[in-house]
Every structure is written in structure tokens, then in C-alpha cells.
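Residue numbers (the numbering used here), protein chains in the order written: chain F, 9 to 273; chain W, 9 to 273.
Hints in this document: simulated from the structure, not taken from any laboratory. Among the hints, erroneous ones may be present.
Note that identical chains are pooled: a pair holds if it fits in a single copy or bridges any two copies.
[Unchecked claim] DSSO-like mimics (lysine-lysine), calculated; alpha carbons at most 30 Å apart, straight line:
| id | residue 1 | residue 2 |
| --- | --- | --- |
| 1 | K34 | K112 |
| 2 | K225 | K112 |
| 3 | K225 | K88 |
| 4 | K78 | K225 |
| 5 | K62 | K230 |
| 6 | K203 | K164 |
| 7 | K230 | K112 |
| 8 | K10 | K225 |
| 9 | K165 | K225 |
What follows is each chain in one-letter form.
2 protein chains.
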Amino acid sequence: MKELVFVGLGLNDEYGLTLKGLEEIKTADAVFMETYTSRMPDFNLQHFEELCGKKIQHVTRQTLEEENGKLILQAAEVGKTVFLVPGDPFIATTHVTLRIDAEKVGIHTRIVHGISIISAIVSLSGLHNYKFGKTVTVPFPETPAETPYNVIAQNKKLGLHTLCLLDLREPENRYLTINQALRTLQTVEEQKQEKVITPNTVAIGVARAGSNQPMLKAGFVKDLIDFDFGLPPFSLIFPGELHFMEVDALIAFADAPVEFRRLFR
Amino acid sequence: MKELVFVGLGLNDEYGLTLKGLEEIKTADAVFMETYTSRMPDFNLQHFEELCGKKIQHVTRQTLEEENGKLILQAAEVGKTVFLVPGDPFIATTHVTLRIDAEKVGIHTRIVHGISIISAIVSLSGLHNYKFGKTVTVPFPETPAETPYNVIAQNKKLGLHTLCLLDLREPENRYLTINQALRTLQTVEEQKQEKVITPNTVAIGVARAGSNQPMLKAGFVKDLIDFDFGLPPFSLIFPGELHFMEVDALIAFADAPVEFRRLFR
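Please take these sequences and the hints and turn them into a complete structure.
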């Protein structure tokens, strides 16, 4: 059957996959996988292949972007093809084009969702999901970070939290750390002077969301800027207005200083 | 071991669970489950119990809210306890209090994430995740819908998309339909006259996100207001500024009228 099924691998390791996703792999004629859009720190391909009883073809960014995923479309032309993607298949927009191209040539497409890094981070923080504004990515220091700064400022004006994903270059095994991200944003603060990122700004650093050892640390920028969060991946939350229940959650789950109670009343 | 593990069931049926979640259930001393925060249309408890090889205790809103989850905390005091929650355990804030209460009495808590309805909807739409603003819930007609109207207006001003969850009362098997939600928002429009929800406003209706038969329909409010979306659950997206790739996605995946191409250039 001509079919292309996008299956989310979820986060961290082989076990983030859903039972439905596993079933799709087992019944597929061809299985492809990419790992360049996101990091899965504890993922073991060989063990995963044993688990699924299927050979999995690893595809690079080149295969997808330069050759327009020809390889995958060709397989889907002749049989049920599964394309495995870290997290949720379309939370990053990288693969939307492939899905459009497939539909254009009459290949039926389906999505089997996976755990997305975004809901994992929100969920871990205990903050109210409906109080998050626009999400933004903080780039590596060589790129200006004015956009994330402005997004944080805009969300704050509206009393909303900002989830900041930190840039990564998986193939180069390069990850922007929480400390670097805070410094980058402070550099913008020095130029713009809007008091969006001051030493006393409250932030929540999140490391390894979705893994078995996630780490959350809520505090002031001045405390987090040198805090050791261990291994990647990393992300940052800049809260807007905090409800007292959210403060309780930050104290209970993110080791927030108890003075937060006095600060947010 | 004194431990309370919150495990996300994901969406729709027994197979939305992750392999990790299944493992947690199999190794648990006690397993509880709630189904009142969200709908899992095709979930079969008996089959799920066979799948896990465990007896699962169904808990009501009363157990959790009136008795502060005493039942669950008592179990976690004496052994590894799993609490199953539809979607992702903390995307709804309902269970944050239970987690805080557990930590307060020295019960270690962990989260095994599940597919959240929010990333499923965003992912299905093909719209860019980072272009979504604040999420909002549209209430049943008996409650004023001014807040969602204002959130949609605010997001639009910023060029951002709005994801609207539609209210539901699972125990009463009652679901706000997309048609009703649009009418409710039109009523607010009649009062406020801000041209946020006009017959020519673009919207995307999403039904059964995460199921095997999701339905997406993008169009103008005047076309969607009587469109038959079939069975619940439902949600709505009001796009802000649309990138041409997002338009292509809406045409390919959400049956959007091709005139969208001319409209959003």
C-alpha cells in the first residue's frame, strides 16, 4: 500500500515511542529515521532495531533537504513506509514539505504523534500551559539574539511566560548552554536597556526534559548564570505573572528560593 | 519504594501510551487512572488491563479534588504507585496539587510524558509552532466567551495563531462543537464589533486529534459554522499571519480553498 506514516520517537531513548508507533514500524515495508532535528541522548539504534525487529535506514539532513526526501518517497511509492522523527513529527516544521510532496504525488500520509519537547518542558515546570505566550529559540552567541529578547519582553508585557528553546547543532554535537543563553540575552539587555533580563529577573532552567534525570532550577538570572545544569539538551523559561500555585510548583519541583512566595503574591 | 509516577496515556486509545509508560505500569504495586480531564474516545479499560497485566483503579474527580487524592497518596506511601492521566499528565494543571502534596510528605514523584492534545493539534495543522500565541478554551454557550475573543484579538494583533480548546464535560459526555464555538464567538463579535470573528475570518476546525481518523477543515467562518465535523473531541485554530508554507500545508492537509494562496501572499 502506498503510504507514508510519520512516527514520533518522543524524547531521550527507545522507550519514548508509543505502542501505536511500534505497531506501525512492525507492519512497515521500509523504515527511515532522522536524528538531526533533535537530540535523543540515550537512544541506541541497534537495540531499537532489535526491539522493532526491523532494519532502520538512517537519513541525513542532505537526504531530506537537498534530495527532497526522494529516497523516502520512492519507498512510499511501493509500500508502507515509516519515517521516524525525534519528538513529535511536525512540532519542528522541517518535515512539512516532505509530507506535502508525498500528498502531491498521491501518497497517503498519516501521523503517529510523539512526545514533544515543548509539552514535556511545560509539564515538568508545573506552570499553567495557557499562560505561555509565543515560543522562541535562543541562537548561538555568533548570531544576534534580539528576536528572543523582544519575544520575552512582549510576552512579559502581556503577563505571559516565555519558553526558550536553546539552539543546537546535533551533527556537530554542539548545544547552547543555559549559562551562555543568559549571557547572550544580557548582551542584548546592555544595548536595549529595557530591563527585560536583569540580574534579578526570574528564570527557570530546564535540562534533559523527557529523560530519566531531568533537572529544573528556578531562580534569579544572577544565580542561574553560573549554575551547572549538567548534560544537554537545555531550555529556559522566563515567567510572566505567576499564580501562587505556580510559585508552589516552582518551589516543589524546581528548587525555587522560598522568597518567591513573598515576591509573587 | 515510596514513589508516585505520573504517566501520560496520550490520546484516543490504549496504544497512545509510551513503551516507558507501559514498563512503569508493569513494575507498579498500585495503578490508578482518571479519565475526566480529557476524552479518550476509543479507550477500552478491560483490554488495557490485559495489555498491562495489572488491575487499574478508576478514580473520579471527587477522589482527587474533595479527598485530595488521599487514596493515591496512601498507596504511594507503601509502594510504587502509578497514576495514569489522559494526554500529558500536567498539560492540564489539575494534578499539580497532588504532585506537590506527594513531595511535601516525602513521596518521590516522577513524570512519564504522554502525547499532549496541544502538540497533536499543532502538528496536524502543519502550522509553525513558534507562531502560536496564548492558548485559550472556549466555554459552553451559558458562559460568556469574552476572554477567548480577546485572546484571539490580541494574538492576531501580534500576527500569532490562536489554538482554542473547546470546553467539555466528560462525565456528562458533553462537548462544545466547532459550530457552537463559532456562534458563541460571533455573539461576542456582535457586542464588541472589533471584526475579530467575521463571516470571512479564516479558521481551522480540528476533530479527533490523535485518533486514527482526525479531521481538519480550514476555511472561512461562514463555511465552517455549519460544517459537519463528526464526533468529538474538537478544537479550533484562528491563524494570525500565514507563511506561504503554512498555506500550502492548510491546502494539502486541511482542505483549505485554493484562494487562500491569493489571500496570503
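Exercise for review: Check each numbered hint from earlier against the structure, then list the numbers of those it violates in ascending order.
Suggested key: 5
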